[in-house]
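One line per chain: the protein sequences are B and H, in this order.
If you read the first sequence in the working numbering, its first letter stands for residue 32, the second for the next number, and so on.
If you read the second sequence in the working numbering, its first letter stands for residue 32, the second for the next number, and so on.
These aren't lab readings, by the way, just hints derived from the structure by calculation.
These numbers come from a predicted model, not from an experiment.
Be aware that one or more of the hints could be misleading.
Chain copies aren't distinguished; within one or between two, either way the pair holds.
Derived pair list, reagent style SDA-like, types lysine to any residue, alpha-carbon separation capped at 20 Å [to be verified]:
| no. | residue 1 | residue 2 |
| --- | --- | --- |
| 1 | 215 | 87 |
| 2 | 95 | 178 |
| 3 | 95 | 417 |
| 4 | 95 | 215 |
| 5 | 183 | 110 |
| 6 | 215 | 429 |
| 7 | 151 | 181 |
| 8 | 151 | 176 |
| 9 | 215 | 428 |
| 10 | 176 | 269 |
| 11 | 69 | 183 |
| 12 | 313 | 295 |
| 13 | 431 | 91 |
| 14 | 215 | 91 |
| 15 | 95 | 220 |
| 16 | 69 | 176 |
| 17 | 69 | 102 |
| 18 | 431 | 98 |
| 19 | 69 | 181 |
Protein chains: 2
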Amino acid sequence: MKKPNIVILGAGYGGMMTAVNLQKSLGVNEAHVTLVNKHSYHYQTTWLHENAAGTLHHDRTRIKINEVLNSGKVNFVQDTVVSIHPEEKKVKMANGDIEYDYLVIGLGFEAETFGISGLKEHAFTISSINSARLIRQHIEYNFAKYNNEREKNQERLNIVVGGAGFTGIEFVGELANRVPELCKEYDIPREQVRIINVEAAPTALPGFDPALVEYAMNSLEAKGVEFKIGAMIKEVTPNSLVFEKDEQREEIPTNTVVWAAGVRGNSIVEASGFETMRGRVKVREDMRTNEYDDVFIVGDSALIINEETDRPYPPTAQIAIQQAENVAHNLKTLVRGGKDLEGFTPKIQGTVASLGHDDAIGVVGSKKLFGWSASVMKKVIDNRYLLKLGGFGLLMKKGKFNIFH
Amino acid sequence: MKKPNIVILGAGYGGMMTAVNLQKSLGVNEAHVTLVNKHSYHYQTTWLHENAAGTLHHDRTRIKINEVLNSGKVNFVQDTVVSIHPEEKKVKMANGDIEYDYLVIGLGFEAETFGISGLKEHAFTISSINSARLIRQHIEYNFAKYNNEREKNQERLNIVVGGAGFTGIEFVGELANRVPELCKEYDIPREQVRIINVEAAPTALPGFDPALVEYAMNSLEAKGVEFKIGAMIKEVTPNSLVFEKDEQREEIPTNTVVWAAGVRGNSIVEASGFETMRGRVKVREDMRTNEYDDVFIVGDSALIINEETDRPYPPTAQIAIQQAENVAHNLKTLVRGGKDLEGFTPKIQGTVASLGHDDAIGVVGSKKLFGWSASVMKKVIDNRYLLKLGGFGLLMKKGKFNIFH
Chain B
32 MKKPNIVILG AGYGGMMTAV NLQKSLGVNE AHVTLVNKHS YHYQTTWLHE
82 NAAGTLHHDR TRIKINEVLN SGKVNFVQDT VVSIHPEEKK VKMANGDIEY
132 DYLVIGLGFE AETFGISGLK EHAFTISSIN SARLIRQHIE YNFAKYNNER
182 EKNQERLNIV VGGAGFTGIE FVGELANRVP ELCKEYDIPR EQVRIINVEA
232 APTALPGFDP ALVEYAMNSL EAKGVEFKIG AMIKEVTPNS LVFEKDEQRE
282 EIPTNTVVWA AGVRGNSIVE ASGFETMRGR VKVREDMRTN EYDDVFIVGD
332 SALIINEETD RPYPPTAQIA IQQAENVAHN LKTLVRGGKD LEGFTPKIQG
382 TVASLGHDDA IGVVGSKKLF GWSASVMKKV IDNRYLLKLG GFGLLMKKGK
432 FNIFH
Chain H
32 MKKPNIVILG AGYGGMMTAV NLQKSLGVNE AHVTLVNKHS YHYQTTWLHE
82 NAAGTLHHDR TRIKINEVLN SGKVNFVQDT VVSIHPEEKK VKMANGDIEY
132 DYLVIGLGFE AETFGISGLK EHAFTISSIN SARLIRQHIE YNFAKYNNER
182 EKNQERLNIV VGGAGFTGIE FVGELANRVP ELCKEYDIPR EQVRIINVEA
232 APTALPGFDP ALVEYAMNSL EAKGVEFKIG AMIKEVTPNS LVFEKDEQRE
282 EIPTNTVVWA AGVRGNSIVE ASGFETMRGR VKVREDMRTN EYDDVFIVGD
332 SALIINEETD RPYPPTAQIA IQQAENVAHN LKTLVRGGKD LEGFTPKIQG
382 TVASLGHDDA IGVVGSKKLF GWSASVMKKV IDNRYLLKLG GFGLLMKKGK
432 FNIFH
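Hey, can you work out the whole structure from these sequences and the hints?
In structure tokens:
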């Protein structure tokens, strides 16, 4: 009997953990497992804002795929997915094609810019190691230039972050820690630098408990972050951002706009003919697409509805990691000839948003957490993932243990 | 009797050491000594190429003026010199005027671009802490952008240095050490990066012994530096450099041109009506100008002729430091009512050019030095200056002791 080919596209949280789970649970003789990814490394998307701010080096955030996967059990192909052809059970990559019996699509997210003028062209997004270290360098380059110009350009020192959701808040928290260091490095007075967070919704951190939101905003404002809440971004140019609040337009001179207010699924999935909503594929209970019994979707590419609220679950690492366990389990069942696939339900254990290196807010179970204890909890969550992904060795190498900073 | 006002313009090697020498030799009741400088710090111009390459942090290169000077003995004014009025014994600064009885001009150098098209607008110069850290960031920013663009731009990875004199050679030596680190940081293959040194003269390091020049070029070529010798730069644009060699024109795509091939005296001196050659004032034997008995010139602002060759001495730190001793001595004589000023003759003790962190070439006395021993000698020279400037404490704080790297 021919061994089935399982092909996993993308080494984000969902794809990577699917591969790791299959590596643990499937025997070498049961299936060929192949993981396809653009880079030779996996990275923790939820740490990228720290790399972008410059408070954590990106080598702490990325993990070489061949350090985690056993090449005897999972074949890793470094290539870029171009298109998926489910009718032909084939994936086109930049350097070749690959055929599958079972496919797992975990191609992650991309920025959703809602057609705001100039946003796509001029704003940065925190979406990869490459884009995160570019943001770090872009900010630093503007600081370095500031004192080299006779006419001082305030646009070099204004940093605008679009969106006060989870990522936006975590990013301005890191910036608030980083900016004083940059001021020292480039002889710039701290009060000259502005960190401005623009949010269209009527509150920061929509969905969080108001007491937590208030704590977060007070804490960040104390560190010099300015909030523009209920403010719609209207236009971004190479050196300005225009927003509208209370029917007033305001223009901020800035060379640095970081967009953290909207994501959608990777457009390759939509372009390959899957039915999507904002690029995400609505899946069956067992994480397969409605159209194809041999195609699973994990992570940000998958759309699942929270029945309590009748709205989609947000794309989070926590859910992607849980889905990967489910998908790996169901693949094992199919490979072994079973038919009884398991349904997936997220178990939201907790959500903690960092506000810089020693501060955070969050909910774990029914308990609200503030300040230092929340920031320790955040690191515990991050460390648990590393343990799950690569065991104790990886935890020791990449874990966050600086709880007393 | 009124105490005379001694005003020193510029805290480079010449001005700073004049102030330090006066602080040691003059009593508080003998004169008011004032040092005027744009920044609150002195810096070692001969280390700036390391800051520009990113191999040494600029805080190692700069020294806070108030850490070296005793404010009870020398008054430090942080201001920018606008113009000098020797007939009125007055100096105009951005924020006020200052009157003097004796003036010491040590305003340093600026780039001489010989009218080459686009050079002034688009090339960087290694001339200050601000310009050096901007070069470091400019190079790094281009590396960071490289992998963020779908179409790869080779101009981001080509670094062209104009001039294979002392500074040009030392800078490419540091770049050769730095580039592999940058390649690792930004996931760029080393062979993709070019470091190109363009020199118009028929040899690199003109004036050096041919055996030393050959050693230097071989050593640098082995580390991946390309030399274009006898090549005239014709034009610089934001993303290219054109040179002509053997009647052939060649264009190099590059965003980074660093000009290290020509200096002239600070143009403020010329604009203030002093008679200059390339911005440098030809001085009498006792370092005073021909026109004014109360104006001394030190460092790169001063032009003195080497009688053996009938050509000007090059502007070096070594000579500036020696001149400062002479000028301080003569000022002491004048303040005390003496008339018998001492003439100045440079004593060239040695010249060592670094080729990166553990390699160098040079001449000390009549002895040629190569490789590691030369690089140790270079650090000994640097450390001796720190000892002279600020004593043992400063040497310990800023000295170079990594001789076994």
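Item checked: Homomeric proximity label, residue 95 with residue 417: Cα distance no greater than 20 Å -> Classified as within: same-chain Cα gap 13 Å, cross-chain 45 Å, threshold 20 Å.
Checklist line | Alpha-carbon proximity between residue 69 and residue 183, which holds within one copy, between copies, both or neither at 20 Å | finding: between (41 Å within a copy, 16 Å between copies)
Notebook entry, point to check: With identical chains treated as interchangeable, where does the CA-CA distance between residue 95 and residue 220 reach 20 Å or less: within a copy, between copies, both, or neither?
Noted result: Between copies only: 17 Å across chains, 40 Å inside a chain, cut-off 20 Å.
Item checked: residue 151 and residue 181: within-copy, between-copy, both or neither at 20 Å Cα -> For residue 151 and residue 181, the Cα distance is within 20 Å only across copies (15 Å; inside one copy 31 Å).
Notebook entry, point to check: At most 20 Å between C-alpha atoms: does residue 215 with residue 87 qualify within a copy, between copies, both, or neither?
Noted result: both (18 Å within a copy, 16 Å between copies)
Next item on the list: If the cutoff is 20 Å on CA atoms, where do residue 431 and residue 91 land: within, between, both or neither? Let me know, please.
Entry: within (9 Å within a copy, 31 Å between copies)
Check: Within a copy, between copies, both or neither: where do residue 215 and residue 429 come within 20 Å Cα-Cα?
Finding: For residue 215 and residue 429, only the inter-copy Cα distance (18 Å) is at most 20 Å; the intra-copy one is 28 Å.
Next item on the list: With 20 Å as the alpha-carbon cut-off, assign the pair residue 69 and residue 176 to within, between, both or neither.
Entry: Close across copies (18 Å), not inside one copy (34 Å); limit 20 Å.
Notebook entry, point to check: Is it within, between, both or neither when you check residue 151 against residue 176 at 20 Å Cα-Cα?
Noted result: Only across copies: residue 151 and residue 176 sit 16 Å apart there, 25 Å inside one copy, limit 20 Å.
Next item on the list: Go through the copies and call it for residue 215 and residue 91: within, between, both or neither, with a Cα cutoff of 20 Å.
Entry: between (24 Å within a copy, 14 Å between copies)
Next item on the list: Could you place residue 313 and residue 295 in one of the four classes (within, between, both, neither) given a Cα distance threshold of 20 Å?
Entry: Classified as within: same-chain Cα gap 13 Å, cross-chain 70 Å, threshold 20 Å.
Notebook entry, point to check: Between copies, within a copy, both or neither: which fits residue 95 and residue 178 at Cα up to 20 Å?
Noted result: between (39 Å within a copy, 18 Å between copies)
Violated hints: none; the structure is consistent with every hint.
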